[in-house]
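Asker: As they're listed, the protein sequences go chains A and B. Here numbering that gives the first Met the number 0 is used: the first residue of the first sequence is 0, the next is one more, and so on. Here numbering that gives the first Met the number 0 is used: the first residue of the second sequence is 0, the next is one more, and so on.
Hints may contain errors.
[Stated by the list, open to error] Covered, in the sense of this in silico footprint (three residues per stretch, anywhere, with C-beta under 8 Å from a C-beta of chain A), are these stretches of chain B:
1. 13-19
2. 65-71
3. 83-92
4. 163-171
[As the list claims (entries may be wrong)] Sample of chain A residues lacking proximity to chain B, with all beta carbon distances greater than 12 Å (derived):
5. Pro44
6. Ser74
7. Arg98
8. Lys101
9. Ser179
10. Trp213
Hints in this document: simulated from the structure, not taken from any laboratory. Predicted, not measured: the structure shown is a model, and the values here were computed from it. Each residue gets a CB set at the ideal place from its N, CA and C atoms; glycine is no exception.
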Amino acid sequence: MISLSVWSSFRPGGWFVLTVLVSSMLGACTLAAEPLTHQPLPHEPLRVAVAANFKPVLEQLINDSSMAIKLSSGSTGALYAQIKYGAPYDIFFAADDIRPEKLESSNLTRIRKTYAYGRLVLWIPEKKLHTASTPGETTLTEFSGPIAIANPLHAPYGRAAKELLSHFETNNAKPVFGLSVAQAFTFVRTGNAPAGLVGLSQVIASSISKDRYWLVPELYHEPIRQQLVVMKTAPGSAEVFLDFLYRDTSRAVITEAGYRLPEDDH
Amino acid sequence: MDQDLISLFITIRLATTTTIFLILFGTPLAWWLSQSRGWLRTLIEPMVALPIVLPPTVVGFYLLIAFSPDSLPGELWQSATGTTLAFSFSGLVVGSVIYSLPFYVQPLQVAFSALQRELIEAAATLGASPLDRFISLVVPLCRRGFFIAICLSFAHTVGEFGIVLMIGGNLPEETRVLSIALFDHVESLDYGRAHLLSLGLILFSFVLLLVLYSVDRRWQKVTGVAR
């Protein structure tokens, strides 16, 4: 029969396993305690980290640019922590402006600018909406039941959603929290939540019909400002990619994906 | 009350409830697995072990789909209770029982298999009922297996993260367990509280394993056999 490793380790040798585990953990702690810096080799591809929600767009842009770029994606908080402790990224596309500001004040970056604004939508899939009409402001004020939003503690879309809900004093809407706006979207998509406050980019990417969501006017929440930083250690090709990113053709790709572009205030 | 303290209570409540359910349902399952020789056992045994090898995200993803009121299990639950399983404590219990099942069943199954059949048969000839044989003979003889199974499934539920993350909805005072609270602290850059919870969990797990090993060693000395 299959014997579990935990099970079979209940023998004298188990102590050895435990000791190895604990000492390797201590080793990892000492490593993590000091932020590391890295020196890029010439001709290496650019290493870009991106917040998961912007990944599909960036993938397309990278493809269009035909530059050599290695892309990693994750949550903004996780990527921030990795960069702070020495992860070798050259550009970081965050989903907010808080983490980029922090990196800048830690003196790790040479450029910080806004690349897009996220837009919030109220999405109610067809069969959950009892009235046949398109969701709108009144749908939200009259809504009761679970409503999926991203975690307001650390997800910018979640913060905006919370501001919106408190603006309308929607006491009957019971927010359930996804780790990220992607998870909030999944909650609605799988039918576990009848409605959600998610990103415009998500409903566009999933080809959801326009009459199933309401584009929330930005006056109801602080702008979802998405910023990027170029790290101090990045090679010069980082700026080349940024130039490409701010071209009209690239900006059209970003708008079509469901983001608002920064005016020249970046 | 402090939010982290509430998360601690939820975690303990979840681990306790899960362990109780495992004792109720996992014990007969482990017994059946240890006694049966049929083809059904060949099929069920690897199924019980699946949560060990599967990423929790697989289990979480399918539970999320199963919990949806659009699917049959979700619909049945909703018509029976009027609530949904996702984003509820009951949903977490369902997920944890599945996730910790092998950690309860396997040590117990090993203990049951090592039992001397003659003892039980002797008790049967002396007129002990099956339940009596189980409670007054099997349970004390397999106490080591029970002890390990209970400790492991409790600890494993405390350490659960992936499934809760996918089906819990991070509701304070309902589904925000310690591992989720810890993740929130890391994500919102509150490293101080993250350290507090992490070190607390390391200490708890270490003490639990320490007790497990020492009790286990003492019982081995007493009985002389690994059972």
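Asker: Now look at each hint and say whether the structure bears it out.
Answerer: Verification of the hints:
1. Look at the stretch 13-19 of chain B against chain A: 0 of its residues bring a Cβ nearer than 8 Å to a Cβ of that chain, fewer than three, so the hint is violated.
2. Against chain A, the stretch 65-71 of chain B contributes 5 residues with a C-beta closer than 8 Å to a partner C-beta. That satisfies the three-residue criterion, and the hint holds.
3. Residue count for the stretch 83-92 of chain B with a Cβ under 8 Å from a Cβ of chain A: 3. That meets the three needed, and the coverage hint holds.
4. With a cut-off of 8 Å between beta carbons, the stretch 163-171 of chain B has 5 residues touching chain A; three or more are needed, and the interface restraint holds.
5. Even its closest Cβ contact with chain B, about 28 Å, leaves Pro44 (chain A) beyond 12 Å, as expected for a residue assigned away from the interface.
6. Not every CB of chain B is more than 12 Å from the CB of Ser74 (chain A) (nearest about 7 Å), against its label as outside the interface.
7. Taking the minimum C-beta to C-beta distance to chain B, about 8 Å, the non-interface status of Arg98 (chain A) is violated against the 12 Å cut.
8. A beta-carbon of chain B comes within 12 Å of the beta-carbon of Lys101 (chain A); the shortest separation is about 7 Å.
9. Annotated as non-interface, Ser179 (chain A) brings its C-beta within 12 Å of a C-beta of chain B; the closest such distance is 9 Å.
10. Interface exclusion of Trp213 (chain A) from chain B stands, the closest Cβ pair being 22 Å apart, more than 12 Å.
Comparing the model with each numbered hint stated earlier shows that hints 1, 6, 7, 8, 9 do not hold.
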